[in-house]
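Produce the complete structure using the sequences and hints provided.
If you want the building blocks of each chain, they are given just below.
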Amino acid sequence: MLVWLGVIIAAMTAVLAGGTIAGQASWAPKLALDLEGGTQMILAPKVEGGSGITEDQLNQAVAIIRQRVDGSGVAEAEISTQSGRNVVVSLPGTPAKETRALIQASADMNFRPVLQTGAGAAVPAASRTPDAKLPKPTAAPANSSDQNWITPAIYKQFEALDCDHPSQDKQQRSDPAKPLVTCEPASAKSPAIKYILGPVEVKGSNIKSSSFQLQRGAQGAVTNEWAVNIQFDDAGTTKFKEVTQRLYQFYSAGGGQTGSDPRAQFAIVLDDQVISAPRSLAVITDGRPQITGGFTEESAKALSDQLRFGALPISFEIQSEQQISATLGGEQLRMGMLAGLIGLLLVVVYSLFQYRALGFVTVASLVIAGVLTFLAIAILGWTENYRLSLAGVAGLIVAIGQTADSFIVYFERIRDELREGRGLVSAVQNGWKRAKRTILASKAVNLLAAVVLFFVAVGNVRGFAFTLGLTAIADLIVVFMFTHPTLQLLARTKFFGEGHRFSGLDPKRLGAVPLYRGAGRVRTPEDKPVAVVRAKNTGAAAEAERRMTIAERRLAEKQEQAQQAQLAGSSKSASKEGK
Amino acid sequence: MVNFSTFGNELYTGKRSYDFVGYRKIWFLVAGIAVALSILIPIAKGGFNLGIEFRGGSEFTVSNVRTTDSSLGEKAVKDVVAGAVPRVANVAGTTMRIQTDKLTDDQTLQIKEGLTKAYGVTDNEVTSTFVGPTWGADVTKQALLGLAIFVGLAAVLMALYFRTWKMSLSALVGMAVTMFITAGVYGLSDFEVTPSAIIGFLTVLSYSLYDTVVVFDKIRENTSDIQASTRRTFAEEVNLAINQTLVRSINTMVVAILPVGAILFIGAGLLGAGTLRDLSLALFVGILVGTAATIFIAAPLYAALRQGEPDLAKQAKRVEHRRAEAAAKTASAATPATA
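Residue numbers (our numbering), protein chains in the order written: chain A, 1 to 579; chain B, 1001 to 1339.
Hints in this document: simulated from the structure, not taken from any laboratory. These numbers come from a predicted model, not from an experiment. For each residue, glycine too, the CB sits at the ideal point set by N, CA and C. Honestly, I wouldn't trust all of these hints.
Chain B is faced by these chain A residues, among others (derived, beta-carbon under 10 Å) [claimed, not checked]:
1) ALA63
2) GLU78
3) ASP405
4) ARG422
5) ALA444
6) LEU453
Right, here's the structure in full:
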C-alpha cells in the first residue's frame, strides 16, 4: 500500500514535471481572478432585429455567457452587467483563443442546403470559368436546393473565395433569404472546403437541445464512433422533415453511400461559416437527427456545444478588452496563508498533545494529503484550468479539519479496542474494520455534495464543489494508503506494541480491562465497584436505583462516594471523581 | 484536560456519562428558541445585508491616475460610507476601477470628489456607472437546485446505509438547526453576505451531515443487536454511543476549528473585512453549532423517534425487568457486593 502511494505521488509528479518541461504547466497552482487578476471584457449584446435590449434579455445574455465560460473549466469567472446595457466578463489570466471564440460565438446559427462544393483554395485567375460559360439561372428557384440560385455573380464569388487564407475583416451578416458563398475552415482532419449554400431553411433557434455520445450499432451495442444528436422543436421538426425529404432524394438518386451529389448535404452555418455539412442519409421525421462520421470525443463535444449555445437569439460584440489587476492584494493571500499556518501549527500541537507519538502519524498524513492536493491542483490547473481563489485557499485550510477527522475516528476506534483488552496488532485490525465503514460512509456524504453541486451549480459554487471533492478524495487515498498501513507497521514496533506511555496507545492510560477474566465473564460497562449501601436502606435504594436513569445513578454514586470520602477525612478521590 | 484519555475511558465504559438523550426536551426547547431567534432577528433588522455581488452596486472608473495604490480608492469610499467594503482594481495600466455597494446620488458625488483628489486627476477623468450583480438570480437558482438535490440524495443514501429513514430525518433536522443558527449569527454580526459567506454555509452544511454520519455509525453499531440484549434500553444505547464518540467529536471540532479560528481572529483581525472574515465567521459558528447539533439534537431525536416502536418498547421492559431482578438479588443478599 505504501508502495502504491509512492507510485501515485511519483506518477503525479512526473506528469506535472512533464507538463512543466513542455512549457504548458507550472509547479505553482494557477490563481483565480481575485488573487492574480486577469482580463476584463465588456460585451455588447446584439439582439436579432437590432432593437434595444430588455432587462430580461440582458439576464439571459449573462446566463449564456456564464454557460459558455463555465463550460470550459472551473476558472470561476465573474460575470456581471454594466449600466443595464453591457455584459462584463472578467476571466483569470489571459483567455485562450477558444474561450474568447466561445464567448463571442454568435447566435446566428442556421441550416442551409448545399448547392455546390469545392476545394478550399481560390481558383487561379487563369483557369476561372469565362463569363460566357458561367451558370445562368433558367427559371426562378423552386426550392432552397434549386441550382437556379447560382447566378453568375455568385459563381464568380465562389471561384475567387480563398478558404486557405481567410480574410480577417468582419463582413456584413448574410441575408437569410439569399444564397451564401462561404468556407468551412480547415480542421485537423480535413482541409478547408468552400460552399455555395441555398437560403436558410431551419433556424438555430429551432434547436431545442443538443448532446453527444458514442453511437449505438444496429444491435444496440456501443460502437467507437462519436455522434452528435440534435433535437428540434415542433416548428424545426416539420421544416427539417421537408428538408431531409428533398435531400434524401438527391442522396438516393446520387447512388447512396458512394454518391457524390453535394445537394444531399446540408450545412450547419455559424456566424456565416460552415461548421459541419453532413449528408442526409434518411428522412428525419421526429426532429432528432444524429450526425456521425469521423468525430473524436472533443470534436463531437465542440459541435454539440456550438449547436446548443449557438441556438440562442443573442450575439455579442467585444467592446473592450483590458488587463485587470487582482482585487485582493497579495497581502490578503499572505495573511490568509500565515493564519492558515498558525492554525496548522495549533493542530499539530493539539494532536501531539492528544495522541502523543500517534500525533506524528496524523501530521505525516496531513502532509501527504497536502502534497497530493497540491499536485492535483497544479495538474488540474494545467488540464482543466482549475484556479485557486482566496475562498478556495480557505477551503483547503478548512479541509484540514475534515481530513484529520478520519484519523481521529480511526485512532479512537483503536483506543476503544485497546480498552476492550485487545493487543495492539489486533486492536489496529479490528479498529480499522470499524473505522473504515464510518470513514467511507461519511466521506460518501462529502463526495455526494461535491458531485451534485459540481454538476448543478455554476460560478463560485462549482469551484467550491471541486475543491471539496478533491480534498475528500485526497483524504481517502491518504487514510487507506498511508495512515492505516503505517499503523499496521507501527503496531509491530516495541515502542507502540508495548504501549509506551508516550505512544498515545498505552493500555494502562486507556484503562484497559482484560476482555476475559475467567469463568466466561466478559467485562461490561457496569463492571465497577458498586457503592456500599447501608443495610437498612437496601430495599428502598434498590427500588430507587431501578427507577433512575444511567446518569442519575452515576450522580447518586458520586454523591455517595463523596460522602464516604468526607467520612474518611480525605476529599482527594471525591474531587477527582467529581470533575 | 491532562486526563483526557481517562475521560475518554470513562465515557467509553459508561462510568462517566452525560445524559444527552434523557434531557432531550431541554435541548429541543433551546434549539427551538435559537432557531426562532435566528429567523426573527434578521427579519427585525430588515433582512440580510447583501453584498454588491448579489445586489449590484456603483462602479467608479478613474483614468490617467498618477499612482495605482488601491488603498487610496478604498479610503476615498470609506471616508464617505463608513464600513463599506469597496473592491479596487487596476485596469489596463493607469485606470482604477472601484466598486462598492449601491450609493445615493449625494454619496456618489462625494466619493467622486474624494477619488479625484486621491488620485490627482481632473473631474472628467472620474466616471461612475451602475454594475449588476455577479451573483445573479440564475446562480442562486442553480445553487439552491443543487442543494435540494444533494439533500434529497443524502437522505436516501443515509436511509439505505443505516437501513432506517428515521436516521435520515434526524440528521436533516440537525442540519437544518445548524443552518438556521449559523445564518442567524451571521445576520446578527452585520457582516455583508458575500459569495464567500455562501461558500462557508455550504461547507458547514456538508460538515454538519458528515459529523452526524460519524456519530450515527457508532449508534448503528451499538444498537445493531439490541433485541438480543437486556443490558440497556435503546435510548441508553444511543446515549452511550454519543458518549463514546464524545472524545472524537471534541477532538474533531477542535482540529477543524483551530485553523478557522486562526483565520478569523488573526487574519481578519489584522486585515479587516473581506473574503477571509466572511468565510471564517460562517465556518467558525457552523462547526461549533454543527457538532453540538449532532450531539444534542440529531442523536436524541433519533432515540425519541425510535423508542416508541413496539419491539423496542418490549425490549425496554425486558431491561427494566432484568434490572429489577438484579436489584432484588442484591437486596436479598443484604451485603455489600460487586455485581
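Indices of hints not satisfied (ascending): Hint check: 4 fails alone, others pass.
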